[in-house]
Amino acid sequence: MLPTLSVDRLRVSFSHRTGTIEAVERVSFAIAPSECVGIVGESGSGKTQIFMAAMGLLAGSANVSGSIRFEGKELLSADAPTLNRVRGSKLTMIFQDPITSLTPHLAVGTQLAEVLVSHRGMRWNDARSCALHMLERVQVPEPKRRLNQYPHELSGGMRQRVMIAMSLLCEPSLVIADEPTTALDVTIQAQIIELLRAVRGEFGMALALISHDLAVVAGLADRILVMYAGSIVENANADEIFRRPRHPYTAELLKCIPSVSGSRLARLPTLAGQPPQPGEVLEACPFAPRCSRAADRCRAERPQLMGTAGAQVACHFPLAS
Amino acid sequence: MNTVLRVRDLRVDFGGHAVLRGVNFDLSAGETVGLVGESGSGKSTLARAVLRLLQPAQGSVNFYGLDLLTCPAAALRARRRDLQIVFQDPLASLDPRMTVGQAIAEPVEIFEPGLNGGARLQLVNAMLERVGLSAGMAGRYPHELSGGQCQRVGIARAMILSPKLLVCDEVVSSLDVSIQGQIVNLLLDLQREAGMAVLFISHNLAVVRHLSHRVLVIYLGKLVEIAPCDALFAAPVHPYTRALLAAVPRLPHAARAPAPAGPVVPPEPALQERLMASGCAFRDRCPYVLPVCETNEPPLVEVAAGHWAACHRSQETLIPLSFAS
Chain A
19 MLPTLSVDRL
29 RVSFSHRTGT
39 IEAVERVSFA
49 IAPSECVGIV
59 GESGSGKTQI
69 FMAAMGLLAG
79 SANVSGSIRF
89 EGKELLSADA
99 PTLNRVRGSK
109 LTMIFQDPIT
119 SLTPHLAVGT
129 QLAEVLVSHR
139 GMRWNDARSC
149 ALHMLERVQV
159 PEPKRRLNQY
169 PHELSGGMRQ
179 RVMIAMSLLC
189 EPSLVIADEP
199 TTALDVTIQA
209 QIIELLRAVR
219 GEFGMALALI
229 SHDLAVVAGL
239 ADRILVMYAG
249 SIVENANADE
259 IFRRPRHPYT
269 AELLKCIPSV
279 SGSRLARLPT
289 LAGQPPQPGE
299 VLEACPFAPR
309 CSRAADRCRA
319 ERPQLMGTAG
329 AQVACHFPLA
339 S
Chain B
38 MNTVLRVRDL
48 RVDFGGHAVL
58 RGVNFDLSAG
68 ETVGLVGESG
78 SGKSTLARAV
88 LRLLQPAQGS
98 VNFYGLDLLT
108 CPAAALRARR
118 RDLQIVFQDP
128 LASLDPRMTV
138 GQAIAEPVEI
148 FEPGLNGGAR
158 LQLVNAMLER
168 VGLSAGMAGR
178 YPHELSGGQC
188 QRVGIARAMI
198 LSPKLLVCDE
208 VVSSLDVSIQ
218 GQIVNLLLDL
228 QREAGMAVLF
238 ISHNLAVVRH
248 LSHRVLVIYL
258 GKLVEIAPCD
268 ALFAAPVHPY
278 TRALLAAVPR
288 LPHAARAPAP
298 AGPVVPPEPA
308 LQERLMASGC
318 AFRDRCPYVL
328 PVCETNEPPL
338 VEVAAGHWAA
348 CHRSQETLIP
358 LSFAS
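Respectively, the protein sequence lines represent chains A and B.
So the first sequence is numbered by the working numbering: it starts at 19 and just counts up by one.
So the second sequence is numbered by the working numbering: it starts at 38 and just counts up by one.
It cannot be assumed that every hint is accurate.
Derived SDA-like pairs: lysine to any residue, alpha-carbon spacing no greater than 20 Å straight-line [to be verified]: (1) A:108 / A:288; (2) A:273 / B:223; (3) A:273 / B:304; (4) A:273 / B:185; (5) A:162 / B:241; (6) A:162 / B:308; (7) A:162 / B:185; (8) A:162 / B:307; (9) A:273 / B:241; (10) A:273 / A:295.
No wet-lab data here; the hints were simulated from the structure.
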């Protein structure tokens with residue numbers, strides 16, 4: 019089956035007066051139709067840049083190589099009209115902060131309807147009634163009233179529902195959700211996760227869920243990619259990642275997450291050290307300085323992502339499965 | 038125990054809109070009290086009101102016998118060295134034109150003007166080391182540091198005068214999980230050594246749990262539950278506390294709290310005013326609402342030793358299963 023998104027040897031770097039900064043290095047993965055893939059990693063690990071590249075939203079100083087195919091069509095070399103046909107209709111993105119993603123001076127209904135007018139050539143009246151219908155489907159209370167409201171009149175959770183509605187209008191094949199709940203309260207976060215689960219079932223699109231929070235991803239993802247310093251260090255079934263992490267970084271990250279249940283600890287487990295500085299050229303495993311299992315080989319040779327399509331790890335000495 | 042802070046009937050209005058509606062609590066030396074609640078519940082307003090960074094409408098904040106809200110400005114200023122705060126955004130709370138060393142030295146220059154340069158430098162370097170930064174960092178500017186390093190500088194600046202009270206307003210919220218633990222552990226160590234009282238405000242319940250001795254839960258400007266930390270997480274009484282705990286995303290192998298049914302959407306501002314006017318403010322979201330909740334505001338009552346809750350059904354809630362089902 020043709021994957022919905024396939025990323026092959028993607029490299030994203032930024033030219034900077036002090037040199038070149040590698041944000042994404044040799045990243046390859048695929049997302050199957052209707053699959054939910056979680057992409058986790060700390061700030062600066064490159065998780066967002068992969069998808070900004072797919073959406074053609076990278077900063078002007080970015081250099082991109084490799085390939086990103088969406089339903090078989092190359093996105094990186096696509097011209098603007100081709101990209102514009104796909105973006106916002108079949109391939110959509112939801113961002114962390116819904117207030118900056120919505121236009122402040124247009125009513126919500128207008129912004130939603132505009133998507134259908136421009137992508138589907140609908141008449142404004144029809145587009146507005148489709149928009150209303152979509153607001154109902156994402157459980158926005160009093161949807162009719164919302165059409166005439168401006169983004170600042172809505173709560174954060176409601177704005178994120180509007181963004182989700184907008185991303186679904188043209189029946190997308192892939193929705194990219196970049197930290198969709200990070201700016202929200204836990205109670206609202208739980209609802210948005212629930213909503214994403216529901217719309218996935220209803221619309222059957224693939225979902226790329228980017229988050230720094232493994233627990234958020236845990237509730238939704240079929241498969242998880244763990245990123246560290248611009249590379250994928252582990253790519254496996256979600257159950258496997260949580261039950262038997264194979265990369266030491268994944269295992270350490272899981273230990274670091276404080277819990278509201280179980281025994282209370284006198285000290286929180288931590289990961290000593292810092293991720294490598296951007297711009298550092300790495301011949302070695304980027305995690306080696308922080309890894310308790312690191313050996314000479316780890317400091318000399320960078321491990322490649324290896325394994326079967328179901329479970330891959332980039333580590334010379336992975337934890338036993 | 039040695040009471041550092043006694044807050045009574047603290048009320049804050051913004052343009053006639055009540056933000057804090059009579060908050061009461063004590064804080065002892067060496068104690069960490071966590072404060073949790075959703076955005077808009079009044080967490081940060083409480084932090085600022087306690088330190089008189091804004092002027093409350095009513096109430097008292099007694100700090101070692103001095104009412105911070107009514108004392109003359111000069112007396113307050115003299116006490117400021119004992120009252121410190123660290124903010125959420127570590128970069129925004131540091132002056133971009135000051136080096137790390139200057140930022141940490143500034144409080145010493147103000148409150149210990151007699152100290153000579155050499156002694157001050159020694160203090161700054163010791164503090165840098167204490168928060169896990171090298172003395173070589175002193176010449177750096179905030180923009181050259183990572184978020185975690187900036188937060189260490191913020192903590193160093195707050196701690197250098199050995200304050201009696203440290204308010205931490207969402208200090209780990211913008212940090213990655215691996216760095217978050219380092220900062221939490223640093224605060225734990227500093228408290229063990231310096232013995233200050235800590236008011237730790239966070240929306241991250243898991244972090245609050247690991248750090249706090251007691252927890253305050255705030256909803257629409259009022260404390261709805263006060264409990265020893267373990268009791269709060271093992272047997273939360275107020276339906277709001279239960280809703281908060283149930284909403285925390287868990288890893289697959291972690292035990293799940295039974296999720297209470299009912300609407301969990303926070304009320305819109307217009308409705309908030311009505312909810313706060315009479316009865317229990319949480320009633321529109323509460324799955325366990327009774328007719329009495331519409332008319333009578335539940336007072337905070339002690340349901341177990343040191344465990345207080347403001348709910349008409351707080352006595353029933355002590356039997357968790359019958360209540361949650």
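Right, here's what the structure says about each hint:
1. A:108 / A:288: Violated, at about 41 Å.
2. A:273 / B:223: holds (18 Å)
3. A:273 / B:304: Violated, at about 36 Å.
4. A:273 / B:185: holds (19 Å)
5. A:162 / B:241: violated (35 Å)
6. A:162 / B:308: holds (19 Å)
7. A:162 / B:185: Violated - the C-alpha atoms of residue 185 of chain B and residue 162 of chain A are around 45 Å apart, more than 20 Å.
8. A:162 / B:307: The hint holds at about 19 Å.
9. A:273 / B:241: Given pair residue 273 of chain A, residue 241 of chain B holds - Cα atoms ~17 Å apart, limit 20 Å.
10. A:273 / A:295: Roughly 23 Å between the alpha carbons, so the hint for residue 273 of chain A and residue 295 of chain A is violated.
Hints 1, 3, 5, 7, 10 from the earlier list are contradicted by this structure; the remaining hints agree with it.
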